[in-house]
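Participant: From first to last, the protein sequence lines are chains A and B. Heads up, the numbering used here is the position in the first sequence plus 187, with the first residue counted as 1. Heads up, the numbering used here is the position in the second sequence plus 26, with the first residue counted as 1.
Note that these hints are calculated values from the structure, not bench results. Glycine is no exception: its CB is placed at the ideal position from the N, C-alpha and C atoms. Some hints could be false.
The following residues of chain B were derived to be distant from chain A, with all beta-carbon distances above 12 Å [stated by the list, open to error]:
no., residue
1, 34
2, 38
3, 39
4, 41
5, 43
6, 45
7, 46
8, 50
9, 53
10, 80
11, 86
12, 93
13, 101
Below 27 Å or equal to it, Euclidean Cα-Cα: the simulated BS3-like pairs (lysine-lysine) are [stated by the list, open to error]:
no., chain 1, residue 1, chain 2, residue 2
14, B, 95, B, 52
15, A, 244, A, 196
16, B, 82, B, 96
17, B, 52, B, 82
18, B, 52, A, 244
19, B, 52, B, 132
20, A, 244, B, 96
21, A, 244, B, 132
22, B, 132, B, 96
23, A, 196, B, 132
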Amino acid sequence: DSGVTQTPKHLITATGQRVTLRCSPRSGDLSVYWYQQSLDQGLQFLIQYYNGEERAKGNILERFSAQQFPDLHSELNLSSLELGDSALYFCASSSRGTAPNYGYTFGSGTRLTVV
Amino acid sequence: SQQGEEDPQALSIQEGENATMNCSYKTSINNLQWYRQNSGRGLVHLILIRSNEREKHSGRLRVTLDTSKKSSSLLITASRAADTASYFCATDPEGGYRDDKIIFGKGTRLHILP
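Just chain B, with the same shape it has in the complex (with noise of 0.2 Å):
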């Protein structure tokens, strides 16, 4: 079943210009993670923020989590023509140890436009 669900499912933009993108999940979580891929490449892991954070910063990205409303958002500052990617965002729910792996949702494309 998918927890996470991005939105928007596509987004363009011009270079230069900030882009947002959202995610909102079910379940109670430990920690939510967002992951950028190529097309056709692997998941690279970009980010990871706990449920007792509200915001991340790490480079040109920022996070939000807003965990009353279950919900977080992946902000890319200055965009280039290189962020052109999937974003996917990934939930690790709250629960047992034995079971740790990590849902995705069904990610947001994004195009930088020169």
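Looking at chain A on its own, in the form it has when it is part of the complex (with noise of 0.2 Å):
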């Protein structure tokens, strides 16, 4: 257990349809990142906030959101759903800015499929 937890491990869901994933970062850490993996892409950087903030925004479609709520839990909503938007939706957090970085702490993620 990495410290991360990231809900639900996987999700199958219709063209158009709209679906939420959720993240709690490791104990401390402010920071909050989203990535997303697909096998043609990589790993996708998509947004970052720390303490409730967006700090930096990466390639993340009009169609998703995120936010970051007091408790420093995140939610990344994907609406609209395409069979491209198929991949692994990881979130990672750190103590950046907070204390010097020894890296992020990733979650198990979560496996979406549309159909």
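Once you've looked at the hints, go ahead and assemble the two chains, each given alone in its own frame, into the complex.
Facilitator: The structure is reproduced here in structure tokens:
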């Protein structure tokens, strides 16, 4: 157990639907990062939050949005889903900003399948 | 955009041999990190080397960093079957405090043969 909790582990949904992926960071970490991993694109950075505030945005589609709540958990919302959105979605956390950077701690991911 | 590129894309070696993977990147960095991913699982942080360091060891892992060539290598000595996984380098680009995302390469798939 890495300390970063992602739910659900698996999600199967139809095109056009909306889903919410949830992430609880490791205790004490204020930064949360979302990544998308697909076979042909590798690990793509989507978005970062630090203590509730958006810090950096990557290749995140307009159909996707995220937020970090006061208890530091984060949610990634994916809407109007397309077949190409099928991928592994990872959340990671770090203590960056409050302590020297020792690397990210990753959750075990959510496997999204759009049918 | 991809910052780091690992080489080779795939590597198969006999158990007990050493495995070397390389990573090249494009921009100046604060640090470079290596991660391991077992099939379909989350990434596990292996080692971080800062831009002012040239070499770092952790158990059977040895990482080097050459900032003049913008490259790094990961050496796994005396490989074991459990080392079979994908290995990713990730760079922390030099820049503003607010934007501290790390950028991953596409990884090297390492297969240890019995």
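Participant: Hints first: check each against the structure and report whether it holds.
Facilitator: Each hint tested on the structure:
Annotated as non-interface, residue 34/B keeps its C-beta farther than 12 Å from every C-beta of chain A; the closest such distance is 15 Å. Even its closest Cβ contact with chain A, about 20 Å, leaves residue 38/B beyond 12 Å, as expected for a residue assigned away from the interface. Consistency note on residue 39/B: stated as away from chain A, and its beta-carbon is indeed over 12 Å from all of that chain's, at 23 Å minimum. Even its closest Cβ contact with chain A, about 27 Å, leaves residue 41/B beyond 12 Å, as expected for a residue assigned away from the interface.
With a closest Cβ-Cβ approach of about 26 Å to chain A, residue 43/B is found to remain outside the 12 Å limit, as its non-interface label requires. Distance to chain A confirms residue 45/B as a non-interface residue, since its nearest Cβ pair spans about 20 Å, more than 12 Å. For residue 46/B, the non-interface assignment is confirmed: its Cβ lies about 21 Å from the closest Cβ of chain A, beyond the 12 Å cut-off. The Cβ of residue 50/B lies farther than 12 Å from every Cβ of chain A, with a closest approach of about 15 Å, so its non-interface assignment holds.
The Cβ of residue 53/B sits about 15 Å from the closest Cβ of chain A, beyond the 12 Å cut-off, so the non-interface label holds. Remark: the non-interface label on residue 80/B is consistent with the geometry, its nearest Cβ contact in chain A lying 19 Å away (cut-off 12 Å). Interface exclusion of residue 86/B from chain A stands, the closest Cβ pair being 18 Å apart, more than 12 Å. The Cβ of residue 93/B sits about 17 Å from the closest Cβ of chain A, beyond the 12 Å cut-off, so the non-interface label holds.
Every beta carbon of chain A lies more than 12 Å from that of residue 101/B, the smallest distance being close to 19 Å; the non-interface claim holds. Using a Cα cut-off of 27 Å, the hinted pair residue 95/B and residue 52/B holds, with the two alpha carbons roughly 10 Å apart. Restraint check for residue 244/A and residue 196/A: the C-alpha separation of about 24 Å stays at or below 27 Å, so the hint holds. Taking the CA atoms of residue 82/B and residue 96/B, the gap is about 16 Å. The hint holds against a cut of 27 Å.
Distance check on the hinted pair: residue 52/B and residue 82/B sit about 21 Å apart at the alpha-carbon level, within 27 Å; holds. For the hint pairing residue 52/B with residue 244/A, the CA-to-CA distance comes to about 20 Å; that is within 27 Å, so the pair holds. Under the criterion of a C-alpha separation no larger than 27 Å, the hint pairing residue 52/B with residue 132/B is consistent with the structure, at around 14 Å. Restraint check for residue 244/A and residue 96/B: satisfied, since their Cα atoms lie roughly 25 Å apart, inside the 27 Å limit.
Taken as a hint, the residue 244/A and residue 132/B pair is honoured in the structure, with Cα atoms around 20 Å apart against an allowance of 27 Å. For the hint linking residue 132/B to residue 96/B, the alpha-carbon distance of about 17 Å falls within 27 Å, and the restraint holds. Pair hint residue 196/A plus residue 132/B holds up; C-alpha atoms about 23 Å apart against a cutoff of 27 Å.
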